Amino acid sequence: SDTDKPPYVARVEKIEADHRNNAKLRVRWYYRPEESIRGRRHFHGANELFLSDHFDIQSAHTIEGKCIVHTFKNYTKLENVGTEDYFCRFEYKAATGSFTPDRVVVYCKCEMPYNPDDLMVQCEECKEWYAKLVLYPICSSWNGFTHLSQEQY
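Heads up: the sequence shown begins at 175 in the numbering used here, then just goes up one per residue.
Any given hint could turn out to be false.
Dumping the calculated BS3-like pairs for lysine-lysine here, alpha-carbon to alpha-carbon at most 25 Å [as the list claims (entries may be wrong)]: (1) LYS301 / LYS251; (2) LYS251 / LYS240; (3) LYS198 / LYS240; (4) LYS188 / LYS251; (5) LYS301 / LYS188; (6) LYS240 / LYS179; (7) LYS247 / LYS301; (8) LYS179 / LYS301; (9) LYS267 / LYS247; (10) LYS188 / LYS198.
For each label pair, taking beta carbons as the anchor points, the in silico distance ranges come out as [as the list claims (entries may be wrong)]: (11) ASN248 / VAL280: 15 to 23 Å; (12) GLU208 / VAL280: 16 to 24 Å; (13) ALA197 / ILE242: 15 to 23 Å; (14) SER233 / ASN254: 50 to 58 Å.
Just so you know, the hints here were simulated from the structure itself, not pulled from any lab data.
Bear in mind the structure is a predicted one, so any value in this text is a computation, not a measurement.
Even for Gly, the Cβ is constructed at its ideal location relative to N, Cα and C.
Construct the complete structure from the given sequences, taking the supplied hints into account.
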């Protein structure tokens, strides 16, 4: 059913009235990773959106509610992520399928961008960060997960 589908998300750029005095919104659409040409990758967070270059005019009646699209940095600092919280770290050009920026900072030896939904662990010896899914870390001082208790991973 449509209630199972995630809502469409757009940024309101301008509000104006049409010739009948009905409120019209100029919006800039956010895309979900699976709607992009590259599709969803394992480093995309569940609440990740891409700000697109796709603009549209919509009736004010189509608005279902308000949400907050945070910067990636601010999203990772949230103590509690609500259903209205999303984040954006890329802009997406729908016509070409290109992203800006084309690179982001990586924190793990796997050299993949950080997914805020996944646990990262820090080696106490070398202080490098590892994604939980990296089973064979590159750190020579790492001895499996012996530095961590079961609760930590």
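Hints versus structure:
no. : hint                        : in the structure
1   : LYS301 / LYS251             : holds, 21 Å
2   : LYS251 / LYS240             : holds, 21 Å
3   : LYS198 / LYS240             : holds, 16 Å
4   : LYS188 / LYS251             : violated, 30 Å
5   : LYS301 / LYS188             : violated, 47 Å
6   : LYS240 / LYS179             : holds, 17 Å
7   : LYS247 / LYS301             : holds, 21 Å
8   : LYS179 / LYS301             : violated, 41 Å
9   : LYS267 / LYS247             : holds, 22 Å
10  : LYS188 / LYS198             : holds, 8 Å
11  : ASN248 / VAL280: 15 to 23 Å : holds, 19 Å
12  : GLU208 / VAL280: 16 to 24 Å : holds, 22 Å
13  : ALA197 / ILE242: 15 to 23 Å : holds, 22 Å
14  : SER233 / ASN254: 50 to 58 Å : violated, 33 Å
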